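Peer 1: We have chain P; now place chains W, D and F onto it with these hints.
4 protein chains.
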Amino acid sequence: MVTLAENRYGKSRVRLVRVKRHSDRHDLHEWTVQVLLQGDYESCFADGDNSKILPTDTMKNMVYSLARSSPAACIEDFAKELSSFLLERNAQVASAEVSIRETSWDHLQISARPHPTTFVQSSGEVQTTMVTQCPGSVPKIVSGLDNLVILKTAGSAFAGYIKDSLTTLPETRDRLFGTAVRANWTYVAPDLSFHQLRPQIRELLLAAFAEHQSKSVQHTLYAMAQRVLDKVSEVKDLHLTMPNKHCLLVDLSGFGQDNPNEIFVPTDEPHGFIEARVTRE
Amino acid sequence: MVTLAENRYGKSRVRLVRVKRHSDRHDLHEWTVQVLLQGDYESCFADGDNSKILPTDTMKNMVYSLARSSPAACIEDFAKELSSFLLERNAQVASAEVSIRETSWDHLQISARPHPTTFVQSSGEVQTTMVTQCPGSVPKIVSGLDNLVILKTAGSAFAGYIKDSLTTLPETRDRLFGTAVRANWTYVAPDLSFHQLRPQIRELLLAAFAEHQSKSVQHTLYAMAQRVLDKVSEVKDLHLTMPNKHCLLVDLSGFGQDNPNEIFVPTDEPHGFIEARVTRE
Amino acid sequence: MVTLAENRYGKSRVRLVRVKRHSDRHDLHEWTVQVLLQGDYESCFADGDNSKILPTDTMKNMVYSLARSSPAACIEDFAKELSSFLLERNAQVASAEVSIRETSWDHLQISARPHPTTFVQSSGEVQTTMVTQCPGSVPKIVSGLDNLVILKTAGSAFAGYIKDSLTTLPETRDRLFGTAVRANWTYVAPDLSFHQLRPQIRELLLAAFAEHQSKSVQHTLYAMAQRVLDKVSEVKDLHLTMPNKHCLLVDLSGFGQDNPNEIFVPTDEPHGFIEARVTRE
Amino acid sequence: MVTLAENRYGKSRVRLVRVKRHSDRHDLHEWTVQVLLQGDYESCFADGDNSKILPTDTMKNMVYSLARSSPAACIEDFAKELSSFLLERNAQVASAEVSIRETSWDHLQISARPHPTTFVQSSGEVQTTMVTQCPGSVPKIVSGLDNLVILKTAGSAFAGYIKDSLTTLPETRDRLFGTAVRANWTYVAPDLSFHQLRPQIRELLLAAFAEHQSKSVQHTLYAMAQRVLDKVSEVKDLHLTMPNKHCLLVDLSGFGQDNPNEIFVPTDEPHGFIEARVTRE
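Heads up: the sequence lines are chains P, W, D and F, in that order.
If you count by the working numbering, then the first sequence holds residues 1 to 281, one letter each, in order.
If you count by the working numbering, then the second sequence holds residues 1001 to 1281, one letter each, in order.
If you count by the working numbering, then the third sequence holds residues 2001 to 2281, one letter each, in order.
If you count by the working numbering, then the fourth sequence holds residues 3001 to 3281, one letter each, in order.
Hint data in this document are derived by calculation from the structure and do not stem from the laboratory.
Computed from a predicted structure; not experimentally measured.
Errors might be hidden in some of the hints.
Claimed, not checked - If you want a taste of the chain F side facing chain D, the calculated C-beta under 7 angstroms gives, among others: (1) 3013; (2) 3043; (3) 3045; (4) 3046; (5) 3048; (6) 3161; (7) 3168; (8) 3169; (9) 3170; (10) 3200; (11) 3204; (12) 3273; (13) 3275.
Ideal Cβ positions, reconstructed from N, Cα and C, are used throughout, including at glycine.
Same shape as in the complex, but just chain P (with noise of 0.2 angstroms):
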């Protein structure tokens, strides 16, 4: 006999650009949203039975008719309404959890001001949340970001690590140190002002990494997140994901020639892996 252990079905890549026209100026978002479900779907799976299924394209009818009529300006109050909105009219849902990643579009600067209807999608970096709800139980928000694509060529060194038969790096006091962060902290409550803990929680990580001695990813990466939760009241942990992107450098002996730390190779595979999760005590 078998038994259904865990399932979790939803609507993946649900995209949606909203405007606000103020009198001045427009707004404009860009949310890619998933609504995933968990619950009592055992006779759905075993016998398909449906009358449990509220369709995939429902929930998508829903993310749409939502953005309509919500108030929310971030995607922390977006996610949060749905889940809820969802919940409410859904009594055979255990838990709802609701993802959006935003797209990073900002008023196009034309002689150095902003225009105020047209805009520029300015990064590949993404800002994220996760909203996990069970009826009748507060939310957690979980937020973060991704793909922020950032490099140090000072204060970043290797050194002191384990040497054995199949070592072949060297040792290094002043290597270029690259990163695609993926960050995603946990808020303590479900009211916060997320649209002000984000920009704040984001400096603060960029300027540790800026600044610190590192002597390793780990080193740097625990820094980032011990200056967040130094700084950040609001967030109780921090799990960073922080790929290790190499820039090797290049040996241009055999061509006569010095390469005092200035051409170097970026590789994307392979690739140094790193991540933890760092909280308070």
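Peer 2: Only chains W, D and F this time, still in chain P's reference frame:
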């Protein structure tokens, strides 16, 4: 005060082609290896103490060196060998996880016969394994496949679901059902004949998909898992992810044409997402 | 004063799945269509006069409507039909170009027999055609394939090339030779049996690749083109693009190991790039 | 008999990071270089005679070696230097084409000030150049940009186009107009101040896009080209590719809601495709 909650580090995307040169033919395998370690690395993160860090560059060297000396013929055996090798030499490691993805290469067929030394990348499907091991204990083997893109044009319905004010999807007794399967199954023991079990499991998944009278993606997913668990006692549980890659029937009525389930628009977004783990009771 | 030199416009990525329902089996085709038009559109560009513009949205509708009514069984025939249809209805068009890419779908094999209504996306290889037509003239048909990923482990050398102060590559008599072929061939006439010619041409390309004693990518590319032109009189010329997807022999000597052409690192970048058009004299 | 009609070969995706270490700050550039050669290579293709082949591996070395010794500060100057260097040393080459794509890196802003040694990948936009040169002649410089993703929420209409039996698109006086611009402009001479011209041209393109009362993509594309040609005498002609990345207004009427140009679905496929070359009369 902050503290390190969890951490992992290692090397990703270590790519490897291995050629075995037999007198009558060559064998070719392409593997992409990832090695991740866990352990008590608090001092590395908090203090920049690298004395317990095995560089990820050394992990990469280990993969290549072991690939040369290893007799392993399948990804499961190589992953086990690699994790054991790593743990033996690194007492500081509490847990090692080795993941391998195998790219599909087949002997090229010419005039319906396999050419002995020429290969074609036969599919975007990938064969996978993940071996997790702690010092002194038996490894856990989870094998699988990814990006198995399949579609059935008969035997798929979707009806009887919840209708509400946001429902627009019409019920259907005859739809296209396309998906890209990711499957992961846990083996009951670490020393099985993985090379023989894999094609057997894959064939059972595919046969169940083809033969099932589907009432929903959930319904068919469960049937596929059940088929494997019923027939292969070496599998303990099975996790399946099956996005619903929708093919939408085109409305041609405005052009005076009917469309008797013949012309569809395949779409990448949004898509349904269904996943479940099925296990023995 | 400025002037419009050349212009093209149309619709890209019109995706289409077509199912033909026979009594004993279904046929499935997935096509991605692009339609591009040229003509005297100076007033559209310079003055915003849209009176000669067929909207690209209408082109999309045309693809779906024609897919329903067309008897065409291969991409060449459908592309011809579409370009003729378009030109007949749009006197303002000076030239139409219809390109189609066909995704690989095969009947799923179960117990070594094809299942009548279940399909598997068999490969990342794509079959292509481009039909170009002016009003009142015969269409030009260029068919091809893309992303045919192949690799040979024998019969490939590279030596005797130019050496200078920047040379570091060692000569080799036995290397791996991997590539992703893009081929385009021009047919001598617009009304051939394209469905039969395509597999014949593809097999000739593959056989030549497998059997050739290669002295360079250029050398093998030419042999492949020559094989087709020698055997298929319906082909006028052939354009081949064959990136050299390098597999680098791993140096294991530092670990006390040899590596007799067995362990390689496949790399995506940088890569060699070789292309040529070969024609009849 | 068959013959070689055209051929090109070289190295693609040679990636390079260059760091200039000034006392008060570092400069960082990431370039991806492609080198392609043409010439009389008939004997290489037909006979496997490699005596005239400069290995693509040597081209890669040339890029790194020259990057170390070159004073070039912009991609145009480096590409010119590379093509000259190559032609001087390789008499067998009839034409060299060097293309460079520059990834966007900016100094990280912390507390509104640029950090001297920390960088952020600021955008998916790429700056490009292609230098083509024959021995003894002046190089041709075509510079450009790619993947400049922009969107305007006002000043865009589409009406007055052809209607026929396949038309379903409604006319609109107020739509979203989003695109990903690829621009290539030909300079009148090979020794201009490219570093100053590039931001000037880019700003003109963007200002024209923002300010234009658009009647179609074609109409705006032309206005953008015209703006550059009117203001920058150093540019001879301009080629623009502007896919129409449609944002579709969501129909919410079924849910009892209006949608006054506020909620849209951005789509990747299908998409309109418009390109033109505009030149001086």
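Peer 1: None of the hints should be skipped; say for each whether it holds.
Peer 2: Hint-by-hint comparison with the structure:
1. Contact between residue 3013 of chain F and chain D, as hinted, is supported at the beta carbon level, the nearest pair being about 4 angstroms apart and thus within 7 angstroms.
2. At a threshold of 7 angstroms, the smallest CB-CB gap from residue 3043 of chain F to chain D is about 10 angstroms, leaving the interface hint violated.
3. Because the beta carbon of residue 3045 of chain F sits about 4 angstroms from the nearest beta carbon in chain D, less than 7 angstroms, this interface hint is met.
4. Because the closest C-beta pair between residue 3046 of chain F and chain D is about 6 angstroms apart, less than 7 angstroms, the hint holds.
5. Interface restraint check: residue 3048 of chain F against chain D, minimum CB-CB distance 3 angstroms, threshold 7 angstroms, status holds.
6. The criterion of a C-beta within 7 angstroms of any C-beta in chain D is met by residue 3161 of chain F, whose closest approach is roughly 4 angstroms, and the hint holds.
7. At a threshold of 7 angstroms, the smallest CB-CB gap from residue 3168 of chain F to chain D is about 6 angstroms, leaving the interface hint in force.
8. For residue 3169 of chain F, the interface hint holds, the least distance from its beta-carbon to any beta-carbon of chain D being 4 angstroms, beneath 7 angstroms.
9. Because the closest C-beta pair between residue 3170 of chain F and chain D is about 10 angstroms apart, greater than 7 angstroms, the hint is violated.
10. Here the hint on residue 3200 of chain F is broken, as its CB sits about 17 angstroms from the closest CB of chain D, past 7 angstroms.
11. Residue-level restraint check for residue 3204 of chain F is violated (minimum Cβ-Cβ distance to chain D is 13 angstroms; threshold 7 angstroms).
12. Nearest Cβ of chain D to the Cβ of residue 3273 of chain F: about 5 angstroms, under the 7 angstroms cut. The hint holds.
13. This hint holds: residue 3275 of chain F has a C-beta 5 angstroms from the nearest C-beta of chain D, less than the 7 angstroms allowed.
Checked against the numbered hints listed earlier, the structure breaks hints 2, 9, 10, 11; every other hint is satisfied.
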